[in-house]
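Peer 1: Sequences and hints are given; from them, build the entire structure.
Position 135, counted from 1, in the sequence shown is what our numbering calls 135; the numbers after and before it change by one each time, with no gaps.
Keep in mind the hints are simulated off the structure, nothing from the lab. Every residue, glycine too, gets a C-beta built ideally from N, C-alpha and C. There may be inaccurate statements among the hints.
Each computed BS3-like pair below joins lysine-lysine, with the alpha-carbon atoms no more than 25 Å apart [as the list claims (entries may be wrong)]: (1) K147 to K93; (2) K93 to K124; (3) K148 to K100; (4) K98 to K87; (5) K124 to K169.
Taking CB as the label site, the calculated pair distances span [as the list claims (entries may be wrong)]: (6) A65 to S176: 32 to 40 Å; (7) S102 to P129: 28 to 36 Å; (8) P69 to K95: 33 to 41 Å; (9) N175 to V70: 16 to 24 Å; (10) P69 to N99: 40 to 48 Å; (11) W66 to Y166: 34 to 42 Å; (12) K95 to K147: 17 to 25 Å.
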Amino acid sequence: MTQDLDHSPMATSLFVSRPSTRPFLSPSTLQRRNPSVSPIILPFVSLSSPNSFSIAISNKLPSAAWQPPVYVYPDPIPQFAIAETRKFRDELKRKLLKNKESFGSDVDEVVMVCSEIFSEFLHKEYGGPGTLLVEPFTDMLLALKEKKLPGAPIAARAALLWAQNYVDKDWEIWNSKIPL
1 MTQDLDHSPM ATSLFVSRPS TRPFLSPSTL QRRNPSVSPI ILPFVSLSSP
51 NSFSIAISNK LPSAAWQPPV YVYPDPIPQF AIAETRKFRD ELKRKLLKNK
101 ESFGSDVDEV VMVCSEIFSE FLHKEYGGPG TLLVEPFTDM LLALKEKKLP
151 GAPIAARAAL LWAQNYVDKD WEIWNSKIPL
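Peer 2: This is the structure in structure tokens:
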């Protein structure tokens, strides 16, 4: 028996051929005309003829469709934020002192502005790898320019590069030390 089961435009037509000697469906007995649609196939046996069956096909998802899991990042850890800000401040100052001609006597103030913004980000938003954002570093650039401090692009870029290289690694190390 061969049937075209549904004639709606979104439905997949399915031809079923089942000799009475074959008890189950096999991949060779099902042929889909539209491979881009994944139909829901519901076989059932006809009561009027035990050797024939029908298949209902629907392209509609069941009402309880599977939802992909959502990863929730952990909350920021204040102790980590304090320790990482201290490390950031020291490393940024060391880096900027190598380029003293760009910053002059304003190195400490530039580092302070960058450290405050970085600390606020770590305390409020950073929740581990995958949560390092670019916004705090653009905020650093804008704050340094607003205060008319020298070397704003250099300082913001140095801060971003340091964070990209160390913050996620430091987070992993910090959390591996916490007893469970």
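Peer 1: Evaluate each hint against the coordinates.
Peer 2: Cross-check of the supplied hints:
1. Proposed proximity of K147 and K93 is supported: the alpha carbons are some 18 Å apart, at most 25 Å.
2. Using a Cα cut-off of 25 Å, the hinted pair K93 and K124 holds, with the two alpha carbons roughly 23 Å apart.
3. Our distance criterion of 25 Å between C-alpha atoms is met by K148 and K100, whose separation comes to about 17 Å.
4. Taken as a hint, the K98 and K87 pair is honoured in the structure, with Cα atoms around 17 Å apart against an allowance of 25 Å.
5. Restraint check: the Cα-Cα separation between K124 and K169 comes to about 19 Å, which is no more than 25 Å; the hinted pair holds.
6. For A65 and S176, the hinted distance range of 32 to 40 Å is satisfied, since their beta carbons lie about 38 Å from each other.
7. Distance hint check for S102 and P129: the Cβ-Cβ separation is about 32 Å, which falls inside the suggested range of 28 to 36 Å.
8. Checking the proposed 33 to 41 Å range against P69 and K95 shows it holds: the Cβ atoms sit about 40 Å from each other.
9. Judged by the Cβ atoms, the range 16 to 24 Å given for N175 and V70 holds: they are separated by roughly 21 Å.
10. Taking 40 to 48 Å as the suggested C-beta distance range, the pair P69 and N99 conforms, at roughly 46 Å.
11. Take W66 and Y166: their Cβ atoms lie about 38 Å apart, and the range 34 to 42 Å holds.
12. With their beta carbons about 20 Å apart, K95 and K147 fall inside the hinted range of 17 to 25 Å.
Hint compliance for this structure: no hint is broken.
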